[in-house]
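K.L.:
I would like the entire structure built from these sequences, with the hints used as guidance.
Residues 1 to 224 in the numbering used here are what the sequence shown spells out, letter by letter.
A hint or two may mislead.
Unchecked claim - Here are the simulated distance ranges between beta carbons:
1. E40 / Q196: 44 to 54 Å
2. R146 / P58: 29 to 39 Å
3. E185 / S72: 17 to 27 Å
4. S30 / W56: 14 to 24 Å
5. K36 / R192: 38 to 48 Å
What the hints assert, rightly or not - Simulated pairs of lysine to aspartate or glutamate, EDC-like, Cα-Cα distance not exceeding 16 Å:
6. K141 / E118
7. K36 / D159
8. K36 / E15
9. K141 / D84
10. K141 / E110
11. K50 / E40
12. K141 / E165
13. K141 / E81
14. K36 / E110
15. K141 / E89
It is worth saying that the hints were derived from the structure and are not from the lab.
Here a beta-carbon is modelled for each residue, glycine too, at the ideal position from N, C-alpha and C.
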Amino acid sequence: MTPSRRAPDNARRNESTRQAILNAALELVSEVGYAKLSVEGIAARAGAGKQTIYRWWPSKGAVLFDALLALSGGQEGETGELPDTGDLEADLRAVLRATADELNDPRYSEPMRALTVEVLVDPDLAADYQQRLEEPVREMKRRRLRSAQEAGQLSPGLDLDVAVEMIWGPVRSRWLHRDGPLTEEYVDVVVRTALQGLRAPDTPEEALGDQAAGRVDSRGGDGG
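P.N.:
Below is the structure:
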């Protein structure tokens with residue numbers, strides 16, 4: 001009986017230690033910044049051995065990445081789906097407002113800023129970040145836009161990767177460069193402006209725009 005009990009006990013201890021390490025990484029990066037964050041500091045805060053950390057992660061950046069995934073509630077291979085109520089603009093407003101809330105939260109934004117810089121100099125971390133977070137999330141966004149495309153709400157010849165950049169890029173850029181507040185009003189303008197260029201030509205919104213443009217052209221022609 002003893003061996004069968006030991007394995008679950010060890011698993012629970014390992015998970016408890018792992019969670020303590022992830023929590024310590026998040027706490028310390030907020031307190032001292034990424035430049036001063038160290039594996040030694042994480043180990044001390046977590047009450048774990050440094051070798052334990054290196055047995056599970058190759059670097060402090062890798063620890064922080066897993067901590068960020070845990071903070072966001074992400075599970076490897078599970079990206080979920082964006083809301084699809086049939087109203088693309090309303091769905092995107094809701095998603096980007098939630099994104100802005102997350103980016104405005106120091107618990108998330110500080111480790112995310114650190115990782116944004118670290119992936120530029122750590123190829124292994126960059127590959128892990130791309131495989132486990134960036135590409136699954138991008139595919140989730142593409143699926144939502146593809147659904148809108150199939151429903152005739154977006155232009156049929158649309159490049160979905162470009163569309164993703166047009167919708168999410170301005171929000172990420174403003175957060176990254178700190179060149180303006182991330183507000184609901186800003187997010188709503190981003191969504192509305194992006195969709196003006198992405199909608200299928202025969203959508204009601206686009207048709208109204210074409211009619212208005214036609215009236216302007218007609219007036220211009222008469223005046224000429």
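K.L.:
Now tell me if each hint is right for this structure.
P.N.:
Going down the list of hints, with the structure as the test:
1. E40 / Q196: 44 to 54 Å: holds (52 Å)
2. R146 / P58: 29 to 39 Å: About 36 Å separates the Cβ atoms of R146 and P58, which means 29 to 39 Å holds.
3. E185 / S72: 17 to 27 Å: holds (25 Å)
4. S30 / W56: 14 to 24 Å: holds (22 Å)
5. K36 / R192: 38 to 48 Å: holds (42 Å)
6. K141 / E118: Violated - the C-alpha atoms of E118 and K141 are around 24 Å apart, more than 16 Å.
7. K36 / D159: Cα-Cα ~42 Å, so violated.
8. K36 / E15: Violated, because 26 Å separates the two Cα atoms, which is more than 16 Å.
9. K141 / D84: holds (11 Å)
10. K141 / E110: violated (24 Å)
11. K50 / E40: holds (6 Å)
12. K141 / E165: holds (10 Å)
13. K141 / E81: Holds - the C-alpha atoms of E81 and K141 are around 8 Å apart, at most 16 Å.
14. K36 / E110: Holds, at about 13 Å.
15. K141 / E89: holds (14 Å)
The structure is inconsistent with the numbered hints 6, 7, 8 and 10, although it conforms to all the rest.
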